[in-house]
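*Asks:* Residues per chain, in single letters:
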Amino acid sequence: MNETPAPEGTLTARYAHLGSGLIPVEPYISAEYYEREKAHIFKKTWLQVGRVEEIPAAGDYFVKKLDACDTEIIVVRNKQGQIRAMHNVCSHRLNQIAYDRTGHTRKFFCKFHGWAYDLDGNLTGVPDEKCFFGIDFKDYALTRVACDVWQGFIFVNMDPEPKMSLDDFMKPMYGDIEGYPFDKMTVGFAWETVVDCNWKLALDAFQEAYHVAYVHGNSIADAIDRSEGGSMPPLDALCGDLHRRLSLAGNQKSVYGNPKAVTSGGAAASEALSDAGSKRPIAASALRAGIGSARHAFPLDALPKGVNWTQSPNWLFDINVVFPDFYLSLRPNYCQAYNFRPIAHNRTLLEARVYYPEMTTPGGRFFLEYMKVALRDVLLEDLSTLERTQRAAETGVKKFMVLQDNELLVRHSYHVIERLLAEAEAEVNTAVSKAEAVTE
Amino acid sequence: MEQKVIVMAKREARTVPVALPEAFSDLTCFIGTWALPTETQRNTQRHTVGMEAIVEFKDAMLPKVDEVVAWLNQYELASLPEEAKTLMYLLLSFAEIAPAVEFYQQPAVIDGYDPRRFVADETFTMRPAI
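So the sequence lines, in the order shown, correspond to chains A and B. The numbering of the first sequence is this note's numbering, which starts it at 169 and goes up by one. The numbering of the second sequence is this note's numbering, which starts it at 506 and goes up by one.
None of these hints come from the bench; they were simulated from the model. Heads up, the beta-carbon is just placed ideally off N, CA and C, and yes, glycines get one too. Careful, some of the hints might be misleading.
[To be verified] Computed, partial: chain A to chain B, Cβ under 8 Å:
1. Val220
2. Glu222
3. Ala225
4. His272
5. Lys298
6. Ser387
7. Asp390
8. Thr528
9. Thr529
10. Pro530
11. Gly532
12. Glu537
13. Val541
14. Glu549
Using the sequences plus the hints, can you model the full thing?
*Replies:* This is how it looks when you write it as structure tokens:
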């Protein structure tokens, strides 16, 4: 099949280096391809693992299993208030130090032989120390993992010497969304599921809006702003070196499609309620209950300029895909954070979180529950295709997928991974040939 | 031989819910089914009771919902007294059944992923107190 060039004015033409051709299915079904992704991507880049609000006090910690990095890490706040990450492996005989997924502790004690570590991972105590042969405590700390925080999101990097700082990793695409009021969204809900599909196949289902009219036809399709033809084109898309963004408009006459209504009130609320009152009376009652309840104000003009970057008055939300597996969707007064963590080439752990402002009244809490339940059910719609698509992909019947202009982010995702794998493998090959030249 | 005793973790105690305020006494018949403190319990109930029971609950709640909210709003969410919690849980169940009524016209998401596999983390540190 010949590649038809994308016409001028399309998103795809703007990113001509990504081409307009078909996307191979192989990366979604190959165990070997996944091993390459593990080695050259997941073990070499920044991965989002949680928010600072989850561990507010010194000694608070959580444990995160990262199968794609073949490890499990402890993320803990130390006495100075800094966030540290280390592998969950004792320096003595390798038992896991933390057993619980979350907790609070003064020190970590290994339950095998009682070795003790402080909140920075330093070894501070060894029972029967005199029976060892002159061990130096500083040689037996827990193995630290690079860890840094961007806008309250905690990232770790398995590379002992990360190629770039977290700031350099985030800034080129996301510098102009810094200042988004993440810190005012202190109420969170979390869900987890293991889906039998490739991690990219799961992520792809979230990085385009073409599916909304169909997959969400029963639920929130009416929340998206439709064009003349009934389709739901994005306001704009941005593709960077690694990351990608998509901005979407909402139907202002719906509760789900006009999220600003609950914190702006006034005309926005009247507009959201105008249709919902008759079509979705429970939604309308939830919105009425929620207006004025948020602990903080969320004035639209206070959002950083990178959020709703087309300045659309009908803006609904921006999808931000932080390479490789972190989906962050920003709305006027709440945000969603999903990680698609690979477990195997055909198995993915989805960690889904949504963060809302604290509501001061019971009525506001009712509104949050309405929004959360609607979101959760919409997610059940999103997830409904994944295992079926994986099984279909694994038949091998189709070798390629074809993408339309508004699926640009799926195309970009494929190209970024291909490029990084090629670069990393070229580097390895160069190193090998240099080593061979030396030995000859 | 000494018998090994395995102590099972206690199920969440279902204390007898405090009665509803006088003005909402006609909702009393829904307490047993819908006054549930967690999302998981409310969602499980939605998928257990059938659409007829969901609609019956919706029909009872909808005309009263603004009154229910107004009565609850005399309290701060953070310091809700026991007598208000039963009503609060009914209100949260009302949110739980909203998609069944307004999106799907059936209890479950149409063609949806199994909700029992999409597990809410009821111990998540950032969740609200109620």
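*Asks:* Run every hint past the structure and note whether it holds.
*Replies:* Okay, the hints, checked on the actual structure:
1. Taking 8 Å as the C-beta cut-off, the interface hint given for Val220(A) is violated, the closest approach to chain B being about 11 Å.
2. Using the Cβ-Cβ criterion of 8 Å, the hint placing Glu222(A) at the interface with chain B is satisfied: the shortest such distance is roughly 5 Å.
3. Evaluation of the Ala225(A) hint against chain B yields a violated restraint, the C-beta minimum of about 11 Å exceeding 8 Å.
4. A least Cβ separation of about 10 Å between His272(A) and chain B goes past the 8 Å threshold, and the interface hint is therefore violated.
5. Residue-level restraint check for Lys298(A) is violated (minimum Cβ-Cβ distance to chain B is 37 Å; threshold 8 Å).
6. Among the interface hints, the one on Ser387(A) holds; its C-beta lies about 4 Å from the nearest C-beta in chain B, closer than the 8 Å criterion.
7. Interface restraint check for Asp390(A): the shortest CB-CB distance to chain B comes to about 10 Å, outside 8 Å, so the restraint is violated.
8. Taken as an interface hint, Thr528(A) checks out: its beta carbon lies about 6 Å from the nearest beta carbon of chain B, inside 8 Å.
9. Residue-level restraint check for Thr529(A) holds (minimum Cβ-Cβ distance to chain B is 5 Å; threshold 8 Å).
10. With 8 Å as the threshold, the beta carbon of Pro530(A) comes within range of chain B, its nearest partner Cβ sitting at about 4 Å, so the hint holds.
11. Annotation: interface hint on Gly532(A) holds; nearest CB of chain B at approximately 7 Å, less than 8 Å.
12. A cut of 8 Å between beta carbons decides the hint on Glu537(A): the least distance to chain B is about 4 Å, and the hint holds.
13. Because the smallest distance between the Cβ of Val541(A) and any Cβ of chain B comes to about 5 Å, under 8 Å, the interface hint for this residue holds.
14. A hinted interface residue such as Glu549(A) counts as satisfied when its beta carbon comes closer than 8 Å to some beta carbon of chain B; here the least separation is about 6 Å, so the hint holds.
When the structure is compared with the earlier hints, violations turn up for hints 1, 3, 4, 5, 7 and for no others.
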